[in-house]
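Visitor: Using the sequences and the hints, build the whole thing.
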Amino acid sequence: MVGLTEGIQNAIEYIEDNLTEDLIIQDIAEKACVSAFYFQRIFNILCGYSVGEYIRNRRLSLAAQELSSTDAKIIDVAVKYGYDSPDSFTRAFTKFHGIPPSAAKARGASLKSFARVRIRLKLEGGTMLEYKIVEKAQFTVMGKVRKFNSDTSYQEIPKFWHEHIHSEDSKIVCGMYGICMDFDGKIFDYMIADNYLPWNEIPDGFETRVIPAGTWAVFPCRGELPKSLQDVNTRIWSEWLPSCRDYKLAGNYNIEMYTLPTENPEDYYCEIWVPVEKV
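Under our numbering, think of the first position of the sequence shown as 4, with each following residue one higher.
Note that these hints are calculated values from the structure, not bench results.
In this text, a Cβ means the ideal position worked out from N, Cα and C, and glycines have one as well.
Treat the hints with caution; some may be incorrect.
[Said to hold, decoys possible] Derived DSSO-like pairs (lysine-lysine); straight-line CA-CA distance at most 30 Å:
| no. | residue 1 | residue 2 |
| --- | --- | --- |
| 1 | K139 | K230 |
| 2 | K34 | K115 |
| 3 | K189 | K150 |
| 4 | K251 | K150 |
| 5 | K83 | K108 |
| 6 | K150 | K108 |
| 7 | K174 | K139 |
[Stated by the list, open to error] Pair by pair, the computed Cβ-Cβ distance ranges are:
| no. | residue 1 | residue 2 | range |
| --- | --- | --- | --- |
| 8 | E204 | G101 | 27 to 35 Å |
| 9 | K139 | P229 | 18 to 26 Å |
| 10 | V221 | D87 | 39 to 47 Å |
| 11 | P206 | S88 | 43 to 51 Å |
Guide: Printed below as a string of C-alpha cells:
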C-alpha cells in the first residue's frame, strides 16, 4: 500500500510531468490515493500554498526560463503553459516576476524561480497528539451553506463565520459544527450547522444534510481560537496521517465541533472530526 507521504509525492511528480497539459484535480489526487478534497487540504498544510498556486507558480517559473534562454515567442509560451491569451499571460507573468514577458528576453533580466517541491516526513521531538477513534451513528444537521474555492477558503471561511455570528441567522443556528463537504474540483460546500430535529421546520435559506454513520478520528483542541484549532489541524495532516498505519481517510467531509464560549478564551474546547476506516 502506498503511504500518504509517498502518495503526495507521486501526485507532485504527476503535476511536474504534465505542466503543459490540462491538469484535473481528481486525476492528481488519484496518484496520491486520496480524494480530491483531502489531497488539496493535505497539500495546502504540508506545502503552505494551494495546489492551484503551486501549478501556476511552476508554470510561470518555467515560462520565464524558456523566454530568457530561447527564441520562443511570447504567444507560444503563453499557450504552452495554459493561458488563453497574451494579455492574461502578461498579467500573471508581471504579477509573479515583477516584469512583463517581453522584458524577460533582455540579458540580465531579474526573474523569480519557483522550485519543484519534494515531500519528506520529518519526525521531531516526542510530543503526543491526543485523539480517539469513535463510532458515530448517522445524524442530520441544519444550517447555512456557502460554496468556497479551496485556493481562498482559509481567508474566506472566517469571514463567513463572522458574518453569520453577527446576523439574525445565529439565533436560528448557533454554529455547533463547521462542516466541509460535497467537494467538486476546487469548489466545496462549507456549512455552519447545528443538530437537526426532524419535527422542526427548516427556515428559508437554511438546508439540512445527512452525515452518514461511520468511524471517526476525534482530535481535541484546547485554547483560544483560531490558533488552537489551526495548530491541531496542521498536526493532523502533517504528522498524524502520514505516520498512521492503522487507519486511512474515508469520505469527502470533515467536521469542526464547537462548544459554548468560555469566560477565559484559553479554556475553550472544540474538536476536529476526521472520517477514517481501517487499513
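Visitor: So which of the earlier hints does this model not fit?
Guide: 6 and 8
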